[in-house]
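> Required output: the full structure, derived from the provided sequences and hints.
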Amino acid sequence: MLYLELFATFFKIGLFTIGGGYAMLPLIQADVQAKGWMTAEELVNFIAVSESTPGPFAVNVSTYIGAELAGLPGAFCATAGVVLPSFLIILLVARFYAAFRSSAVVSGAMEGLRPAVIGMIGAAVVSVGQTVFLPEGLAAVTAYPLACSLAIFALMAFLTHKKLHPIAIILLSALLGIATGYLQQV
Amino acid sequence: MHTDLGKTRLLFWTFFKIGAFTFGGGYAMIPLIQREVTERRRWLTEQDILDIVAIAESTPGPIAINSATFVGYQVCGTFGAFCATVGVVLPSFAVIYAISFVLRQFSELAVVQYAFNGIRAGVLALLLKALLSMYRQSPKGAVAYAVMAGAFVLTAFCGVDAVLVILISAAAGLVSTYAAKRRAV
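Chains as they are written, first to last, in this note's numbering: chain U, 1 to 186; chain V, 1001 to 1185.
Restraint-style ranges between C-beta atoms, simulated for each label pair:
1) U:168 / V:1131: 15 to 25 Å
2) V:1051 / U:142: 48 to 58 Å
3) V:1107 / U:8: 21 to 31 Å
4) V:1048 / U:183: 47 to 57 Å
5) V:1153 / U:163: 24 to 34 Å
6) U:8 / V:1133: 28 to 38 Å
Listed below are the simulated BS3-like cross-link pairs for lysine-lysine, each with C-alpha atoms no more than 25 Å apart in a straight line:
7) U:163 / V:1129
8) V:1017 / V:1007
9) U:12 / U:35
10) V:1129 / U:162
11) V:1140 / V:1181
12) V:1140 / V:1129
Which residues of chain U face chain V? A partial, calculated answer using Cβ under 10 Å:
13) 49
14) 52
15) 66
16) 85
17) 100
18) 109
19) 121
20) 125
21) 145
22) 185
In short, the hints are calculated from the structure, not lab data. Quantities reported herein were computed from a predicted structural model and do not represent experimental measurements. From the three backbone atoms N, C-alpha and C, an ideal C-beta is built for every residue, glycine too.
So this is what it looks like as structure tokens:
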């Protein structure tokens, strides 16, 4: 049953995302892409949509996939799934706050989890890089789109480094994408 | 009971506002929570906010949900946690649900496809920036680097399930801190 599958998939994603936000990417790539709910390209597009709309990435992405697959009830099931693990765990932690804070097990596990999340996001970034630069694989690479993507990426990396706002980055790269797209037609 | 009901309603609207006005989620939300919850409503202290960030980082799930649930619980118990969490989720839920109708239709247009070709390159730059700032804040040391490299290789090249990588890394952290403690004794 699709509703249940949406709920269970996003429950698992919510449960195993440590540190929030983009730490979710490797899990989404593994589960959501593998199930064919979203392509690699659609996922990267959606990161931009999520950056330009209010709220956390987790809620945005689960609501969107749920709605696309099964309408309003689907959106509800996916979002409830992603929210519920945090909600239940925080209720538990809030009740036993002092014990949680001084727990050697929690701090020990965090010693491993913190760097692991960085490695995993690194892997997600590599796969996003593939989607951006080599969408059809290494064999089918064409010079013009690759050159455009490289140029836009380099400029945006420089501008993010200069602390330009993410929404400005997205707007600017959209304009450059449109300009280079129509230039190719001429 | 009457004041509790007023408080939970206020919790809902406060977090609704926080959810509606934070773009990019997570950490962008912390200053807003701080302003609303400590300065405006005086529900919690500055120290509480620091604790909330620490807890939200070391528990599963998005920072926004974790903080809303935690603040709600501190202010008004389980029902307060529920109201704050629903409040913070609702704006994104509504906006994305509304957008979902348009997004697929628009994505057929050539101009939108060109725009997203550019946007994907920009998103890669944003992700790289987020990764670098996380790396800068992360614990350094031999074990941390080994886990980082291991998690990267297992996820990127070996196709190991993300959940398994998480579990292995937590175990590695536990073993290494335990070993360090034994050495110290």
